[in-house]
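Number of protein chains: 2
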Amino acid sequence: MANAKAKKVFNELIASCDTFLFDCDGVLWQGYNAIPGAAAVVNFLKKSGKQVIFVTNNSTKSRDKYVAKLSSLGFPSERKNTFGTAYTSAKYLKDIAKINGKVYVIGNEGIGEELDNLGIEHLGIGPDDTSTSQDYDDIKRCELQENVEAVLVGFDGHISFSKLIKAGSYLRDPNCIFVATNDDSRVPLGDSDHIVPGTGAMVKSVCIVAGREPDVWCGKPGKLMFECIQKSHDIDPDQTVMVGDNMKTDIVFGKQNGLKTLLVGTGVATEETIKAILQNSDPALKEQTPDYVLPSLGDWADFCS
Amino acid sequence: MANAKAKKVFNELIASCDTFLFDCDGVLWQGYNAIPGAAAVVNFLKKSGKQVIFVTNNSTKSRDKYVAKLSSLGFPSERKNTFGTAYTSAKYLKDIAKINGKVYVIGNEGIGEELDNLGIEHLGIGPDDTSTSQDYDDIKRCELQENVEAVLVGFDGHISFSKLIKAGSYLRDPNCIFVATNDDSRVPLGDSDHIVPGTGAMVKSVCIVAGREPDVWCGKPGKLMFECIQKSHDIDPDQTVMVGDNMKTDIVFGKQNGLKTLLVGTGVATEETIKAILQNSDPALKEQTPDYVLPSLGDWADFCS
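Heads up: the protein sequence lines correspond to chains A and B, in order.
Counted from 1, the first sequence has number 78 at position 78 by UniProt numbering; the numbering is strictly sequential.
Counted from 1, the second sequence has number 89 at position 89 by UniProt numbering; the numbering is strictly sequential.
Quick caveat, the hints were computed from the structure, so don't treat them as lab data.
Wrong hints could be hidden among the right ones.
In silico DSS-like cross-links for lysine-lysine, where the CA-CA straight-line distance does not exceed 27 Å [claimed, not checked]:
id	chain 1	residue 1	chain 2	residue 2
1	A	K248	B	K140
2	B	K140	A	K69
3	B	K248	A	K140
4	B	K69	B	K80
5	B	K8	B	K275
So that you can see chain A by itself, here it is in the shape it has in the complex (with noise of 0.2 Å):
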């Protein structure tokens, strides 16, 4: 019962769809592991022909280590058709905002690397001295840059009090532009126990040790990663769907560019809110309602033969 109806959404999309957007943590795979079949069904679908485009909120990885990650869970890519947040901040900085100075960054390596591929000088990456805490000498001391333009929020293990001072206080420069690269409030993880903050909870308290929201965000829904990728590849957005496991971001992205959404329970969405999101008819809740519904990704396997 349960595969006649994934068997009717497969038929459906590939008979209407000719390109595939697939957000990745959730739905590919969850931490360090494949989802069961996952990889069986996009690599059909490249097979048959079908624009395959990875498109992840997730900012701790360059375009190239994100590729690398792909096809060591089994989904060969290419940078081309891999879209994730550090390369569209740095190409908001370069290409948009086309700051001159630097960039004060809340994030890691993979920010880092699309900085400076693209040539723009930044700082803060890594761990920063976490014993500044609530002294005030300490806290006065704490160093300020000069001709910092931006402020780059994204994911950051290393998130602590001494980054927040500096994101706070460069922010208060009014014409420092304040970018965030998604608003995700937890990593989907797959695992009972642990809760994993996502970059949301990052984002939200410098939002209010600045006293302001980013100016920009450069991951789902907002429009610019779409913008993005149109700027590389023909997308017709009535033949593509958007496949993700986050109704805030990936469904509400695929809604508001016009194409058609598809909501997998493997990650932030479970099957609960799979069933709950069905039954509820709240119009406010429109905007993040998919068309089609799977409990998983790798439920298609079985027809990719």
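Once you have looked at the hints, place chain B on chain A.
Only chain B this time, still in chain A's reference frame:
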């Protein structure tokens, strides 16, 4: 002229109030430095027979340590007249929530001392393992203890990724109580370059990770702080003034509890803020609009000899 206005406010409050509640950071001192003249004013009020109570949202110190700081900066005080959120949080957990298990704390030694004073077992204070970054295996090894009945979030200069993982993971249990000390965005330091993140930034990131709002706020403008003061002090709201530097905490606290309110411009609110308030008739701001304003508490020193 300014002096005449200050004198008028002083005379009115001296005549109408028998109790003065003073916020501390940004009212009595900035960082390690007393506001010039503030001690003369506070000590004059005490000598004149006024009941003087210190009411701070700062969670970094126990009552005893606050008494020591007050005294060292020229404001001799006693434990019973000194209320901070480390104390009110511990009181809430003991007397109202009546917890028997452990409390996971994002906060520092001040909170630890007050929990110890009431015999409440706690964990989390001090730097956590900062090597837990985005490595999924590290995250899964992040130790979660049994029997944690509450998560208490206050100011923590050692805020880190592993602390956010733990807070979020404990709060996954809907029976685990989420207690926050206060929601202040910044600590007023009287320094022009550095922004100092307040507890609000730390609480908000836990909210995002946990997907929950705090069950209780233990500082101003919440009810709990006033109830705590009333339990040990005879307070007639009509004859009491709340003196603070923060409209959203101090002034709202005063208004909600029927007190007179006086805003000073030496902390979160600046003299510019005060001017703007007086010119603004937005009804949404009414709750934050003080009855009286004064550039600095020290402006009264001349009337206190």
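Now for the hints, and whether the structure bears them out:
1. A:K248 / B:K140: holds, 26 Å
2. B:K140 / A:K69: Measuring from Cα to Cα gives roughly 20 Å; hence the hint holds.
3. B:K248 / A:K140: holds, 26 Å
4. B:K69 / B:K80: Distance of about 15 Å is within 27 Å: holds.
5. B:K8 / B:K275: holds, 18 Å
When each numbered hint is compared with the structure, no violation occurs for any of them.
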